[in-house]
Each structure stands twice: as structure tokens, then as C-alpha cells.
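S.K.: These protein sequence lines are chains A and B, in that order.
This note's numbering runs 1 ahead of the 1-based position in the first sequence.
This note's numbering runs 1 ahead of the 1-based position in the second sequence.
Honestly, the hints are just simulated from the structure, not real lab data.
It cannot be assumed that every hint is accurate.
Heads up, the list lumps identical chains together, so a pair's fine if it works in one copy or across two of them.
As the list claims (entries may be wrong) - Derived lysine to aspartate or glutamate pairs resembling EDC-like cross-links, with alpha carbons at most 16 Å apart:
#1 66 - 146
#2 182 - 196
#3 182 - 153
#4 180 - 196
#5 180 - 92
#6 79 - 154
#7 180 - 153
#8 66 - 137
#9 66 - 90
Please read all numbers here as calculations on a predicted model, not as lab measurements.
Protein chains: 2
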Amino acid sequence: MLEKLFGRSKPADPPDSVLTGERLRAVEGSASAEMAAQYLCAPTALMQFTMDEALFVVSYMAPRKIPMGTTFIREGDKRDTGFMLLVLDGEVTVENVVVSRTSPVTVTVLGPGSLIGEMGLLDGEPRSASCTASTDVRCATLTRDALEKLIDENPQIGAKLMMAVSLRIAERLRDSADKLKMYAQLTQAMQQEIDRLMPT
Amino acid sequence: MLEKLFGRSKPADPPDSVLTGERLRAVEGSASAEMAAQYLCAPTALMQFTMDEALFVVSYMAPRKIPMGTTFIREGDKRDTGFMLLVLDGEVTVENVVVSRTSPVTVTVLGPGSLIGEMGLLDGEPRSASCTASTDVRCATLTRDALEKLIDENPQIGAKLMMAVSLRIAERLRDSADKLKMYAQLTQAMQQEIDRLMPT
Numbered sequence: 002m003l004e005k006l007f008g009r010s011k012p013a014d015p016p017d018s019v020l021t022g023e024r025l026r027a028v029e030g031s032a033s034a035e036m037a038a039q040y041l042c043a044p045t046a047l048m049q050f051t052m053d054e055a056l057f058v059v060s061y062m063a064p065r066k067i068p069m070g071t072t073f074i075r076e077g078d079k080r081d082t083g084f085m086l087l088v089l090d091g092e093v094t095v096e097n098v099v100v101s102r103t104s105p106v107t108v109t110v111l112g113p114g115s116l117i118g119e120m121g122l123l124d125g126e127p128r129s130a131s132c133t134a135s136t137d138v139r140c141a142t143l144t145r146d147a148l149e150k151l152i153d154e155n156p157q158i159g160a161k162l163m164m165a166v167s168l169r170i171a172e173r174l175r176d177s178a179d180k181l182k183m184y185a186q187l188t189q190a191m192q193q194e195i196d197r198l199m200p201t
Numbered sequence: 002m003l004e005k006l007f008g009r010s011k012p013a014d015p016p017d018s019v020l021t022g023e024r025l026r027a028v029e030g031s032a033s034a035e036m037a038a039q040y041l042c043a044p045t046a047l048m049q050f051t052m053d054e055a056l057f058v059v060s061y062m063a064p065r066k067i068p069m070g071t072t073f074i075r076e077g078d079k080r081d082t083g084f085m086l087l088v089l090d091g092e093v094t095v096e097n098v099v100v101s102r103t104s105p106v107t108v109t110v111l112g113p114g115s116l117i118g119e120m121g122l123l124d125g126e127p128r129s130a131s132c133t134a135s136t137d138v139r140c141a142t143l144t145r146d147a148l149e150k151l152i153d154e155n156p157q158i159g160a161k162l163m164m165a166v167s168l169r170i171a172e173r174l175r176d177s178a179d180k181l182k183m184y185a186q187l188t189q190a191m192q193q194e195i196d197r198l199m200p201t
């Protein structure tokens, strides 16, 4: 069954020169495909992927190696939004440019199992942050075309995948909401400090 | 066909006393069901719902009337997370309790077409904010059981629904990221002000 899954036609490549353009299994053997599949079986998912289902999803993904130091997603980029990426190995730094600062603010560092770029893939809006490989990174990409094809060809698994993606986005939104609460407290404390220091 | 869709068994009720426990069409006629369906056909969706598909989703939802002043989702609530809600009419105030403040911080005010509670529905984590009806509110609820049943019975439409829900969450995450950037600038400006005022 897996042979059949992995034998399907290659999904359209993301428009990026560092994409190897070959399938995970073909390039790196089934171990890589299984690793990707395991990362897709997130324990928090409402509807759990079976290993076979996760491998089915992986069969729609293409492998990509990103050399250390490469910025492969740029904040504000409107053109290159048609893919998301599952990190298999290595670390990615996510950064935001803040107008008043000279250097970008590191939002987070993501490791293996992280999903990157899923928002842009879904809504096609400009990328919300820049992503740079802080080590050599090995990952699996899913293009919008491949996602649509997957949902068309196996809607059950497609629905589960979308559920898993929603969960990842929800997780990030919760983190973000916690940070906003922290900032609300911080700015209040700073305002009190300013009021105290202000000459009366 | 719609008669058949609306004739299906009622989804499990959210455990809340203000739920009317009757189906949209039965209570308020097809106009309400069609309004709910129109709100589900978000123009930003990657895979657009047809009206029939949206009405199919609506057939899994239950109507609910929430009197003005009712707090129907409480921040931190871990038990009552099994439903999300589509606002059809009225306004909902979303608030966060911030430790150092005496009154909660209003995060946003949501009107017709807004989806509420979808994160808790997906991940079962405690509610991230409190929601209070600032007018009488008419809405349609979807329970976790009904969502699973829908995906099971029609995975194509289920996948599209999950895509639409992901998009809504992504939209909120983008808003939240913008606010975080604003806060990063604000705290920097405040820090400069404190440095300036600080006696040397």
C-alpha cells in the first residue's frame, strides 16, 4: 500500500531554488517518511491520525534541505505563500521586524515536528514573520495544490489534516494571547513608573 | 434535499441552560438557516462552500438565544469546552482578566458572522477569554460530537469546514501578531521615557 502511495505523481514544487524536488522516500528512504508521519500524529489532535493516514499525507509532501543561514520565508512576502513546511531535523528562527528597532525581534525558535507557514498556505496573505534556518534544516513541504489534491482524493484524511493544522494554529494563538496579557501587565507597570518619575 | 438535511437527529446539546434545544429551521424558519449558511460562506476561504454545503453544515447546528448580559463562555473554564458558536444577530464582548487590573480588558467586540469558541472545541483546553452578550444574541452552535458526526458523514464538507475554521483562527492569530508588534514598540518607547525621567 505504501509503495502505491509513494508512487503517486509529485506535487507541484514551491517556487524556491533550495527545494530538492524529489520525494522523501526516494531521497532519504522510508525512515524519513515515517519520521514525518510520526510528527503528524500529534497527541493533542481531536481526531488522531493512524500511522498509515499520516504516511498518506507525507506522500503528498516533498523533501527540502535548507542550508544554515538561509531565510526561506520573508515577512511581508505576498508572492511565495503557496506552501507549508514540517521540520524534520534542525532549528528555525522566527523573527519579526519592529519599526522602531534596528534588529528584528526573535519571536520563537522552532525544532523538529514544528509546522511552518501554514497560515500563508491557507489564506494567501503576506507572510507574518521571517524564518531563517539556524542550523542545516531537513523538512517536508506541502504545497497548496498538493493539499487541495489530497482533500479531493481522500477527504477523510484531508479533514483530519485540516483539524491537525487548526490545532497547531490554535496553539500558537493561545501562546500569542498569553504574551498579550503579559504585555498588558508590563505596560501598566511601566506607566505607573512613568507617573511616579514625572515631575509634579 | 434541505428537508432531509434538516430532518436529521438533533446534535447533542451544549451543557448550558440558555440553549433552546431546537433546530434553527424548526424554530425560526429557513431564513435563519440561510443566514447562518451565508456567514459560513466566508469570501476568504481557500475552498469556497456552496450554499448547499453551508446549509448542510447548518443542519448539524442548534439554535441558541443568549439574553443580554449573560456570560456564556468563562475564561479558564475547562469543563464547558465542547461547542463553538456562530453569531447570527447581536454583539458579544470578549474579555480577558489581567492579574494587575481590577476590571477585565476588552479584547474585542464580535458581531454577526463571527465564530466563537472554536479553539476550545478543537483542543479542549481551558477557554482563553470570557464572552458576554452585550445585546440579546441569536446564534447557532456546533458541538464537538456534531462536528465529528459531520466529518464522518460527509468528509468533503467536513474538510472544507475545518479549512474555514482554520482560516478564522489564522485571521485572529494575524491580528494578535500585529498587536504584539505594537506592544513591542510601545514598551520600547515607554522604556526610553523611563530612562529619560530617571534621575542620573
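S.K.: Give me the numbers of the hints this structure contradicts, sorted from smallest to largest.
M.R.: Structure breaks hints 1, 2, 3, 4, 5, 6, 7.
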